[in-house]
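Protein chains: 2
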Amino acid sequence: MKARVTVTLKNGVLDPQGKAIEGALGSLGFDGVGSVRQGKVFDVELTAGSEGEAQDKLKSMCEQLLANTVIEDYAITLVE
Amino acid sequence: MKARVTVTLKNGVLDPQGKAIEGALGSLGFDGVGSVRQGKVFDVELTAGSEGEAQDKLKSMCEQLLANTVIEDYAITLVE
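Quick note, the sequences are listed as chains A and B, same order.
All letters in the first sequence, in the order written, are residues -12 to 67 by the working numbering.
All letters in the second sequence, in the order written, are residues -12 to 67 by the working numbering.
Pulled out of the complex, with its shape left as it was, chain A reads as follows (with noise of 0.2 Å):
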């Protein structure tokens, strides 16, 4: 079974790798651009009896390891 986790930073936390790439964005000439924010993503492939029995296996290692849930949120979908 493949999935893809999404991390991203909860709102009102700073994201200061956000705000450079948002200048440097702007001194490449681009403009119109408002907010960038940077998150990860991670492709895992395992196996699992079900696809309720995937989900909770992701979402513990969420918990445990991939996202650091005081400052992030994250988000698992089910590729195949």
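Keep in mind the hints are simulated off the structure, nothing from the lab.
Misleading hints may appear alongside valid ones.
Pairs count within a copy or across copies, as identical chains cannot be separated in the list.
Here are the simulated lysine to aspartate or glutamate pairs, EDC-like style, with alpha carbons at most 16 Å apart [stated by the list, open to error]: (1) K(-3) - D30; (2) K6 - E32; (3) K46 - E59; (4) K(-11) - D18; (5) K46 - D18; (6) K27 - E59; (7) K(-3) - E38.
Keeping the supplied structure of chain A fixed, place chain B upon it in accordance with the hints.
Same frame as chain A, but now just chain B:
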């Protein structure tokens, strides 16, 4: 207009960070994890006259700054 740009390593490009996560998941007792590959996601807010114009702008941003097209692929999704 809001868009999400997802940048992932091309197939065949080594991903040591992904490998480290794979190992860490194993140490935490998650079994059945095949492979993990890590990528980046950018949430961009921009003003554009039309969806097509936004797509063009974002494509150009990816080529010039957001992705290293030698080793990375990118995907653009307009969110709203």
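### Task
With 16 Å as the alpha-carbon cut-off, assign the pair K46 and E59 to within, between, both or neither.
within (13 Å within a copy, 27 Å between copies)
### Message
At most 16 Å between CA atoms: does that hold for K(-11) and D18 within a copy, between copies, both, or neither?
### Response
Only across copies: K(-11) and D18 sit 15 Å apart there, 37 Å inside one copy, limit 16 Å.
### Task
Give the relationship of K(-3) and E38 under a CA distance limit of 16 Å: within one copy only, between copies only, both, or neither.
Neither way: K(-3) and E38 sit 27 Å apart in one copy and 27 Å across, limit 16 Å.
### Task
Could you figure out if K6 and E32 sit no more than 16 Å apart (CA to CA) within one copy, between two copies, both or neither?
between (32 Å within a copy, 12 Å between copies)
### Query
Checking K46 and D18: alpha-carbon separation at most 16 Å within a copy, between copies, both or neither?
between (38 Å within a copy, 14 Å between copies)
### Query
Given a CA cutoff of 16 Å, do K27 and E59 count as a within-copy pair, a between-copy pair, both, or neither?
Both ways: K27 and E59 sit 10 Å apart in one copy and 14 Å across, limit 16 Å.
### Message
Checking an output row: K(-3) and D30, CA cutoff 16 Å. Within, between, both or neither?
### Response
between (21 Å within a copy, 12 Å between copies)
Hint compliance for this structure: hint 7 alone is broken.
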